[in-house]
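Trainee: Now for the letters of each chain:
2 protein chains.
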Amino acid sequence: MKIAVMGGDGFVGWPTSLHLSDAGHDVHILDNLSRRWIDTELGVQSLTPMDSIQERTRIWHAETGRRIHFHLIDLARDYELLKNWLAEERPDAIIHFAEQRAAPYSMKSDRHKNYTVNNNVSATHNLLNALTELNLDSHLVHLGTMGVYGYSTVGAAIPEGYLPVGIETTTGDTVSQEILYPSNPGSIYHMTKCLDQLLFQFYAKNDGLRITDLHQGIVWGTHTEQTRRHPQLVNRFDYDGDYGTVLNRFLIQAAIGYPLTVHGTGGQTRAFIHIQDSVRCIEIALNNPPARGARVEIFNQMTETHRVRDLAEMISKMTGAEIAWLPNPRKEAPENDLIVKNEKFLGLGLEPTTLKGGLLEEIVDVAKKFAYRVDRSRVPAVSAWTKDIARTINRDPEGKKLKSVS
Amino acid sequence: MKIAVMGGDGFVGWPTSLHLSDAGHDVHILDNLSRRWIDTELGVQSLTPMDSIQERTRIWHAETGRRIHFHLIDLARDYELLKNWLAEERPDAIIHFAEQRAAPYSMKSDRHKNYTVNNNVSATHNLLNALTELNLDSHLVHLGTMGVYGYSTVGAAIPEGYLPVGIETTTGDTVSQEILYPSNPGSIYHMTKCLDQLLFQFYAKNDGLRITDLHQGIVWGTHTEQTRRHPQLVNRFDYDGDYGTVLNRFLIQAAIGYPLTVHGTGGQTRAFIHIQDSVRCIEIALNNPPARGARVEIFNQMTETHRVRDLAEMISKMTGAEIAWLPNPRKEAPENDLIVKNEKFLGLGLEPTTLKGGLLEEIVDVAKKFAYRVDRSRVPAVSAWTKDIARTINRDPEGKKLKSVS
Ligand SMILES: NC(=O)c1ccc[n+]([C@@H]2O[C@H](COP(=O)([O-])OP(=O)(O)OC[C@H]3O[C@@H](n4cnc5c(N)ncnc54)[C@H](O)[C@@H]3O)[C@@H](O)[C@H]2O)c1
Ligand SMILES: NC(=O)c1ccc[n+]([C@@H]2O[C@H](COP(=O)([O-])OP(=O)(O)OC[C@H]3O[C@@H](n4cnc5c(N)ncnc54)[C@H](O)[C@@H]3O)[C@@H](O)[C@H]2O)c1
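Chains U and Z, in that order, give the protein sequences. Following this note's numbering, the numbering of the first sequence begins with 8 at its first residue and continues without gaps. Following this note's numbering, the numbering of the second sequence begins with 8 at its first residue and continues without gaps.
Just so you know, these hints were derived from the structure itself, not from any lab. None of the values given here were measured: they were computed from a predicted structure. Any given hint might turn out to be false.
[Said to hold, decoys possible] Reference excerpt, derived from the structure (chain Z facing chain U, CB under 10 Å, subset only):
1) Met114
2) Asn125
3) Val128
4) Ser129
5) Val161
6) Asp180
7) Trp392
All residues carry an ideal CB built from backbone N, CA and C; glycine is no exception.
Excised from the complex, chain U in its bound form:
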């Protein structure tokens, strides 16, 4: 297949591109490299030393003889460029990672809120609009998030995208309908993924676009089979308070001797998936497109759920790291349950990589190797969900006064 990977320079996009190229597909990365610019804005860098995308693809070619093509296109701002590229290349499938994906970054300031909404809505809408305009039947696979569901507190299992509800008619009968699971996003970032869902629903219905939306849990790990092949194929690995995600952050904190940063009671339950499984799930989704005219296909892309404090305790036991109990910068329920259905991927052959698989140690080793690259002042999460909350998170776990970058 000819596959366009939008956002293929990112944390999940890069290993996905390698995996699909390795499997023999013709891979084209479209990316505006905004994520690298945000590193510059925040004054942080990936824990792993990451080469330019041009250099990475050159190494991949030298190692394997395969070409991954790179095109500098901003999906949100370069509609005409995007449309022309699609018209010319007519990819069989498109994987859409190209969004601002950090919840804390999206809540930093009014400027960051606007950026996240504009970037994500326009990127997704431009893509749908161009496919429709060109009458292109490419299968669109989008990376959504478990966060569109909000974290349910009613003790019900979260289905894969659709919820059957009974609606009472005027004659007193109850008609059963399947609706998009009601969304309850916890941040501006998560909200943009809910907006995406409505865009997908409309274009699938009105224009028959074939769309798969993957509601992904938090990705952990950094290496996949392909990124291990050469030091310069290494994946990005975020540790800072904005882009670092919970399990990976704990592992890095443990490696550099920084207290594990638990927010609130740590009673939040989250869904997780290893980067290697994430890449495999995307491949499975590519191989199982919905029919033209069908509703949006939705998978829950996660393999296990954990309570944040349990993770912290597990890693503390494994590594001897301390735990720092900090005020929560997010506005969210202090404790929540989370039961998630993921039968669809399991049924299609996914074999989950679990937390117990020895991979945790590998990640701590990677983190130790590059520990010298860490700026400790960038570890705490300083983006607060409201101005009231901001006042409560003014010290880092080492007792220093915090200053927000925004």
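Position chain Z with the ligands against the provided structure of chain U, taking the given hints into account.
Mentor: Positioned in the frame of chain U, the structure of chain Z with the ligands alone reads:
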């Protein structure tokens, strides 16, 4: 109250501004005048000769001694200007009309789709973002549409915004929750109002903004008490295939001797409200704001429902006009029922102006008076929902070949 009327130069915004000014409020219109530019783009004009906003407000002052202030601000593009204006003026309430509001216009081409999504999402989000950033407690009243519900075909009455559903827990119990009514928009324009809903839900929850969303039916009529006071206070009155809405269009068509343009079987049932009632409802909503921290208050702002072909037949009988049965440019169910709850406004004192109230004749009279201003070639609806549909709507009701303006 000091009231900001965003989009106050438009069809509903102008009479609302007059009504509120008349009632003694301090009214400020913010508008980018994009609607006048779109008239220029489409080569059409309001049936009624409409003066500039500056001239209109001058006449209003001359007639009544009251001032309505006008500020040229683009809500979607001038975030900093908007924020500064809000910081300085600190309005008690904001009425938000400032969106691209024609479904056919939103479906004209890829450019029009992008414009509608970007304009509407950014206008709404900038407003919410600025209020939050400034910690301003202004009550925000937004004009939404009945179209967010989609046109239900299950025979259930559409509640005012929220639907109670039962969710089955893992222990087999059923927990009842009220969710935002599942949205099923029929056009890009309607979709943007569904996106707005999620933005409102988030900002009400995270930041405690006080928001009222009015899910409005199709507005008919042109005059209100205040617009009748002086010829230069006249309201805009759209007849073209993009901005003209169904009942008003039929009345104008009857007045100029043009066949009434029924799309498909005319089996579509729509919700309606007279412009005078629309203005009153907005005033009622202003007087009944939700509490800080409450969920978004939603009203169904409509007074009656009618099937399109019944309206055509009624007006044909009243005026002798012919009916033209045309292919439907929209992708929608050929027939639908529509039962809508509107107890909330009725309970707060709204006395509906119904179609039988003699106002129909007044509208035909206005239309006859300005019939000389009509460009007949602009009457047919030429924006098709898909390229396949576009091929079927190539002749106007007078048999002439159509050319899309896009
Ligand atoms: N990392 C996770 O834990 C996780 C969890 C759930 C869902 N996701 C989703 O998966 C996707 C990828 O996540 P990631 O961790 O790889 O993020 P990332 O930030 O590392 O990668 C995103 C890439 O998209 C690019 N991009 C952003 N906006 C763009 C635009 N307008 N035009 C072109 N390129 C643009 C960035 O430059 C970056 O290379 C995201 O959509 C994210 O929401 C990630
Ligand atoms: N007319 C109807 O039948 C009807 C029915 C249901 C809902 N509504 C809703 O009511 C509202 C008003 O409708 P209308 O018929 O008066 O529309 P309109 O197009 O006549 O008025 C909208 C006004 O908003 C302004 N505007 C648009 N984008 C703007 C921006 N970015 N910044 C500043 N100003 C901007 C336009 O210049 C125009 O003056 C709309 O939101 C519409 O969706 C209308």
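Trainee: None of the hints should be skipped; say for each whether it holds.
Mentor: Hint check:
no.	hint	in the structure
1	Met114	holds, 9 Å
2	Asn125	holds, 6 Å
3	Val128	holds, 5 Å
4	Ser129	holds, 6 Å
5	Val161	holds, 4 Å
6	Asp180	holds, 8 Å
7	Trp392	holds, 6 Å
Taken one by one, the earlier hints all hold for this structure without exception.
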